[in-house]
Amino acid sequence: MKVKEVPQDDIKTFKGFGTKAMYAVDENGQYTRIPTSGWEMEEVVLRDVVDDFAKLAEEAKSRVINGETSPIEFYMNKYFMDLPALAAGMGLAKWRVKRHFSPNVFKKLNEKMLQRYADFFNIELARLKQIEETI
Amino acid sequence: MSALLKHKGLELSEPMVFGLSGAICFAYLPFLKMGNMPLVSYRMFPGHIVKNFPKRLGVEYFRKTYKDPDLAMAELDEFVANRRLVGLQTSAYFTTYFPPEMRFQFNAHNIIIIGKAGDEYLVSDPVFDHIERIKAADLKKARFARGLSAPNGLVHYPLKSPPGIDLKKLIRKSIKKTVHMMLYAPVPWIGIKGINHLSRHIVKLTRKQKPKYTRHFLGNIVRMQEEIGTGGGGFRFMYAAFLQEAHDTLDLPILKEASDRMTAVGDQWRMFALECAKIVKSKESRVNLPEIAQLLRRCGDSEKQIYRILKTVK
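Here the protein sequences come in this chain order: A and B.
Here the numbering used here is used: the first sequence runs in plain steps of one and ends on residue 1067.
Here the numbering used here is used: the second sequence runs in plain steps of one and ends on residue 345.
Be aware that one or more of the hints could be misleading.
What the hints assert, rightly or not - Pairwise CB distance ranges, derived in the manner of DEER restraints:
id, chain 1, residue 1, chain 2, residue 2, range
1, B, 343, A, 958, 25 to 35 Å
2, A, 1015, B, 208, 48 to 58 Å
3, A, 961, B, 319, 27 to 37 Å
4, A, 983, B, 34, 34 to 44 Å
5, A, 983, B, 166, 47 to 57 Å
As the list claims (entries may be wrong) - Listed next, the in silico BS3-like pairs over lysine-lysine satisfying Cα-Cα at most 30 Å (straight line):
id, chain 1, residue 1, chain 2, residue 2
6, A, 947, B, 235
7, B, 309, A, 944
8, B, 64, A, 1010
9, B, 64, B, 235
10, B, 171, A, 936
Derived by calculation from the structure, the hints in this document are not laboratory data.
Idealized CB from N, CA, C, for every residue including glycine.
Using the sequences and the accompanying hints, generate a full structural model.
As structure tokens, this is what we get:
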């Protein structure tokens, strides 16, 4: 890759988050480190995954409102996780997290466990509990 | 790592550290899933450099993990107060200065703490080229994330650098190691074999999987190649930069050739990524997977020739 070939596509993901570094060859054939504002192709594949999660979160949201699942499933999808990732991040067994998806079980969860979820999702405890009004 | 050593008076560039620690790799591990996608990696696991490089260099090195997050943060403050640069292992999920879309659960992200301003730590992050800030509470979470390869608050820094290092010997040794791994790994998932294994798997995708899975699968490869790494082209450009520096040090003409070829391979990988991304973008169900697999295989073939050349470096 030559210095002038380094993509500067100004991708959405990195807007406001600065630039990344890239190694490229200058006119004298020497490698140098130069900043890049991103490559459009990078953005394409990232969006594909992100959109997919957004769709899942949207579905989960309507199911939360219908009382079919708990807000935990919504936040899991919102923060780009699947069940194994959430379970690993929380330090719980997968079956336990899955159980917490059930609205009835979720209602009975103690404060301590709810707080752990809220901390993990980096949100207020109240927001985790009252999903209908907040999202 | 480069910055940490520089602080101790040992000047080694980032590509040099990358090359000397033999961090370039290719691994396709179908049995290790992350987000329902098999793991594809273009480098050794990120902890590899921190673990092995000081030993290879003969640098006295300090590493410590914690059970108690509060103690870990208190000791970090002590390091900062003593104006010591320290490396930390963190989880990308809690690094708040990342774009939200990039905060995936990835526990082996290495950063350097260079100071503290109020409640915020100043961070030098290899992904970005300027100083970032992170709140103490967030950093604490990031250092004690759970899951695969949990950081456990790992902190590390060099204690003392040796009086002089034999760079020539180190370069030869590291190249030998890299060549061995890429060409002769005893398992089918690593090195050139890994590339071919993945390319065979891509051909099979047509028959077996839904278009959506295929798209995600190809997208996953591209993300591992371009987004996660520094320098693009799945670290191939960085390795080419290392080979260039190695050539300047050892003055072996074949290293120049290897470096040029490695740059070409990096471009080839980018071409492959471009084709994959086009498929993802078009969202078409009928894609020419054998052609994609062929592109990947060619990347592997070109790389194989480079390692054959490097093998003659004794």
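Results of checking the hints against the structure:
Separated by about 28 Å at the C-beta atoms, residue 343/B and residue 958/A satisfy the suggested range of 25 to 35 Å. Between residue 1015/A and residue 208/B the C-beta distance comes to about 39 Å, which lies outside the given range of 48 to 58 Å. Residue 961/A and residue 319/B have their C-beta atoms about 36 Å apart, which keeps the hinted 27 to 37 Å range intact. Look at residue 983/A against residue 34/B: about 36 Å separates their beta carbons, and that is inside 34 to 44 Å.
A beta carbon spacing of about 29 Å between residue 983/A and residue 166/B contradicts the range 47 to 57 Å that was offered as a hint. Note on residue 947/A and residue 235/B: the hinted pairing is violated, with a Cα-Cα distance of about 38 Å set against a maximum of 30 Å. Restraint check for residue 309/B and residue 944/A: the C-alpha separation of about 18 Å stays at or below 30 Å, so the hint holds. With a C-alpha separation of about 20 Å, the suggested pair residue 64/B and residue 1010/A falls inside the 30 Å cut-off, and the hint holds.
For the proposed pair residue 64/B and residue 235/B, the alpha carbon gap of about 18 Å is at most 30 Å, so the pair holds. The hinted pair formed by residue 171/B and residue 936/A fails the criterion: a straight-line CA distance of about 40 Å is larger than 30 Å.
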